[in-house]
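2 protein chains.
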Amino acid sequence: MNKPKIVILGAGYGGLTTTVKLQKRLGVNDAHITLVNKNDYHYESTWLHENAAGTLHHDRSRFRIKDVIDTGKVNFIQDTVTEIKPDDNKVILENGELYYDYLVVALGFEAATFGIPGLLENAFTIGNINQSRLIRQHIEYNFALYNNEQEKKQERLNIVVGGAGFTGIEFLGELANRVPELCKEYDIDPKLVRIICVEAAPTILPGFDPQLVEYALNSLEARGVEFKVGAMLKECTPEGIVIEKDGEKEEIPTLTTIWAAGVRANSLVEKSGLEHNRGKVEVKPDLRAPSHDNVFVVGDCALIWNKETERPYPPTAQIAMQEADVCAHNLSTLISGGGEIHEFAFNNMGTVASLGHGDAIGVILGDKKIFGWTAAFMKKVIDNRALYKIGGIGLVLKKGKFDIF
Amino acid sequence: MNKPKIVILGAGYGGLTTTVKLQKRLGVNDAHITLVNKNDYHYESTWLHENAAGTLHHDRSRFRIKDVIDTGKVNFIQDTVTEIKPDDNKVILENGELYYDYLVVALGFEAATFGIPGLLENAFTIGNINQSRLIRQHIEYNFALYNNEQEKKQERLNIVVGGAGFTGIEFLGELANRVPELCKEYDIDPKLVRIICVEAAPTILPGFDPQLVEYALNSLEARGVEFKVGAMLKECTPEGIVIEKDGEKEEIPTLTTIWAAGVRANSLVEKSGLEHNRGKVEVKPDLRAPSHDNVFVVGDCALIWNKETERPYPPTAQIAMQEADVCAHNLSTLISGGGEIHEFAFNNMGTVASLGHGDAIGVILGDKKIFGWTAAFMKKVIDNRALYKIGGIGLVLKKGKFDIF
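These protein sequence lines are chains A and B, in that order. Taking the UniProt record's numbering, the leading residue of the first sequence gets 1, the next gets one more, and so forth. Taking the UniProt record's numbering, the leading residue of the second sequence gets 1, the next gets one more, and so forth.
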C-alpha cells in the first residue's frame with residue numbers, strides 16, 4: 001500500500017473544515033490523512049470574546065475534534081507543532097515527527113504587539129480558550145479583591161481594551177453587559193468601573209460604514225464605554241498604560257489591559273522556510289505555496305489579495321472556511337488524478353459585528369446595512385452556520401446559539 | 001419623651017437575634033432601639049466556608065437586615081464601629097457617634113494568627129462575605145493561570161488549610177467536592193491538585209468523639225485531602241508555608257493558604273476599657289459586663305465558663321443565639337421595670353460538622369452519634385433553624401437549605 005500521506009496542521013476553522021471535507025471526498029484507500037492539533041478540541045475563535053467577558057461559558061465555544069472527524073479515515077494526533085520543514089516534507093512535533101506527501105498549513109493567528117513596550121508581558125490577548133477564561137477570571141478576581149482592601153485601588157476597576165476594530169468592539173459589547181452583573185456579584189458601585197477603549201485610528205471600526213459606526217458608538221457609550229480615538233498606546237506596565245493623543249501623554253492606571261488590536265500569522269510559518277510576505281504565505285490561486293507545490297496554506301496564515309480594494313483579505317472565519325473548501329477539493333483532485341483544480345474566489349456573505357446580547361451591526365447581501373435585533377439575529381445565524389459547515393445539524397443543536405430573544 | 005436608648009453593635013447571630021427579640025418584647029414607646037452594622041446585610045458566618053469553597057453562592061448566605069427588622073421600632077445605621085467608650089456611654093462610628101442608656105456588644109470574631117510570621121499578610125481567612133468570595137476567586141484564578149504558563153507552577157494547585165478544627169474540616173469537605181469541578185472547568189488533571197491540611201494537635205477535630213473523627217478522616221482522605229497532624233505552621237510566605245513536625249521542617253509551596261485555626265473576639269472589646277479576659281468580656285450570669293452594668297455582651301465577644309468541663313464555651317452560633325434570647329429578655333425586663341432577670345444556661349442542642357454535600361458527623365441529644373446522610377440532614381435542619389429564629393418561616397423559604405438528596 002502506498003497511499004499518499006496528507007498532514008493537516010491545526011484544527012481551527014481552516015484546518016478542521018479541510019479535514020471534514022476531505023474525509024467526505026476521499027475513501028479509506030485513497031489517502032492517509034493525519035490531523036495535528038494542540039488541543040483535543042476545536043474552538044470557535046470568533047466567539048472567544050464572549051468567553052473572555054464571561055457572557056458565554058467557554059465549553060459552549062468548543063467541541064471535541066473526535067466528535068466531527070471520521071476516525072476510520074483520519075488519524076488525529078494531539079500534539080504541538082514546533083517546526084515545519086517543507087524542503088524535507090517533514091513536520092516536527094513536540095513528541096515526534098511526521099512525513100507528508102501533502103501538507104495543509106492552517107495554524108491560525110497569534111497576537112501582534114508591534115513592539116509596544118510592555119504589551120507582550122502585561123496585556124492579555126483573546127487568542128484561545130485558556131487565555132479567554134483567564135481574562136474572565138482576572139477581571140472577576142480584581143473585583144473580588146477591591147472590597148477586601150483598606151485602600152481601594154481604582155486600577156482594579158479600570159479595564160482597558162486596546163483597539164476598536166472588530167474584536168475590540170465585539171469584546172466591549174459583551175463587557176459592557178457583563179460589568180453590571182459583576183458589580184452586583186461583588187457589591188461594587190457600577191459608577192466606579194471604567195471601560196476604556198484606546199484606538200489609534202480617528203474612528204472606531206475603521207473601514208466600516210459611517211452610519212453603522214455611529215450606531216455602534218452610541219450603543220456602547222450608552223452602556224458606559226469611554227473611547228479614546230486617535231490615541232496611540234505607547235506603553236503597558238503592570239500598573240497601567242500610557243497613551244498619546246495630539247502630542248499629549250496620559251497615564252491610565254489599570255491592572256487589566258486586553259490587547260485586541262492586532263494579529264499576525266502563526267510565527268512558525270515565517271520560520272519554516274516557506275516563501276512569505278510579512279509572515280504570511282502569499283498563496284497561488286489554488287492555495288498552494290509558490291515555493292512548495294505540495295503545501296497548501298489556508299486561513300490566517302495565507303495571504304490573498306482582494307483585487308477590488310488592492311488590500312489583502314482580512315483574516316476571518318468566513319474566508320478560512322471558503323479556502324478550506326477549495327483546498328479540500330484541490331487536494332482530492334490531485335490525489336485522485338482526475339477533475340479540475342479550482343481557484344479561490346471570495347464569496348462575501350456579509351459581515352456582522354456583535355455589540356452584546358441582542359445588539360449588533362452589519363452589512364449583508366453586498367450593501368444592505370442592518371443593526372439592532374436584526375443584526376444580532378443574523379450574527380447568530382452566521383455563528384450557527386460555521387458549526388453546521390463543520391459538524392452538521394448535530395453540532396448546531398449541541399453548541400448553537402438560539403437565545404435570540 | 002425620655003425613652004431609654006438601646007444601641008446594639010453588630011448584626012451577626014447575637015446582635016440580630018437580640019434585635020428581633022427586643023422588637024417583639026418592646027413597644028414603640030418603650031425604648032429607642034438602634035442597630036449598627038458595617039454592612040446592610042446579615043450573613044450566616046457558619047456557612048461562609050461553603051461560599052469560600054465555591055459550593056454555595058454567597059447571596060445564599062446573606063440577607064438584608066431591613067428584611068427582618070421592624071423599621072418602625074428599630075433604627076438601622078450602616079456604619080463601622082471604631083471605638084466603644086463605656087465610661088461615657090458612647091460609641092464612636094466612622095461617620096458619627098451614638099449615646100446609649102443600654103449597650104449590647106455583639107461584634108463577633110476576627111482571625112487570630114498567634115504571631116505566626118507572615119500569616120496575617122499572606123494567608124486568607126474565612127471571616128466575612130468579602131473574604132469568602134475572594135478565596136473562591138483566588139483559587140479559581142490560580143487554576144485559570146496554570147494552563148497559561150510555559151512553566152507550570154505547582155504552587156497554584158496546592159491549597160493549604162491551616163487547622164483541622166470545626167471550620168477547617170467543614171471547609172475541607174466543601175473544597176474536596178469543589179476541586180474536581182474546577183479541574184473540569186480549567187482542563188487540569190485532578191491528580192495534580194493537592195489539598196493539604198496542617199494541624200498542630202495529634203488528631204483532627206480535637207475534642208470530638210474518636211469514632212466520628214475516624215469517619216471524618218476517612219471521608220476526606222478518600223477525596224484526596226492530605227493531613228499533616230502534629231505539625232506546627234512556622235511561617236507563611238507569598239510562595240508557601242513552612243511546617244515543623246517531630247523536629248523536622250518541611251516547605252510546602254503554595255499560593256493559597258487558608259487560615260482556619262483560630263479566632264478571637266473583635267479587638268474593639270479589648271481596646272474599649274471594658275474589663276476583659278484575653279479580649280473577651282467574662283460576663284455575669286445575666287450577660288452584663290462586670291465593670292459596666294448597662295452593657296450586655298453576647299456572642300463571640302462574651303466569655304462564659306462551662307462548669308462541667310471547666311473550659312469556656314466555644315464561640316458558636318448556637319450559643320450566641322441562646323445568649324441573645326437571655327439578653328433581650330433581661331433588657332426588656334430592666335426597661336419595663338417588672339419581671340425577673342434570667343441567668344444564661346447553655347442548652348446543648350448538639351454539634352454537627354459538615355463534610356461536604358450529603359456527608360457530615362455529629363453528636364445530638366446529648367450523646368447520640370450520627371454520621372453520613374443523617375448527619376448531613378441534621379446539619380441542614382440546624383442551618384434552617386438559625387434562619388427561622390431570626391426571620392421566621394419566610395426567611396427559611398427564601399434562604400434555607402433544602403437540597404437534602
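You may find that some hints are simply not true.
Which copy is meant is left open, so a pair is good if it fits within one copy or across any two.
Stated by the list, open to error - With a Cα cut of at most 30 Å, we get these calculated DSSO-like pairs of lysine-lysine: (1) Lys184 / Lys380; (2) Lys184 / Lys401; (3) Lys307 / Lys398; (4) Lys228 / Lys389; (5) Lys184 / Lys399.
Rather than coming from a laboratory, the hints here were simulated on the basis of the structure. Here the structure is a predicted model, which is why all the values come from computation and not from measurement.
Here is what the structure says about each hint:
Taking identical chains as interchangeable, the C-alpha atoms of Lys184 and Lys380 lie at most 30 Å apart whether they share a chain (28 Å) or sit on different chains (27 Å). With identical chains, the CA atoms of Lys184 and Lys401 are at most 30 Å apart both within one copy (26 Å) and between copies (23 Å). In this assembly of identical chains, Lys307 and Lys398 lie within 30 Å of each other by CA distance neither inside one copy nor across copies; the values are 39 Å within and 64 Å between. For a Cα distance limit of 30 Å, the shortest separation of Lys228 from Lys389 qualifies neither inside one copy, at 39 Å, nor across copies, at 55 Å.
Within a single copy, Lys184 and Lys399 get their C-alpha atoms as close as 28 Å, and across copies as close as 18 Å, so both meet the 30 Å cut-off.
Violated hints, listed in ascending order, are 3 and 4; each of the other numbered hints is respected by the structure.
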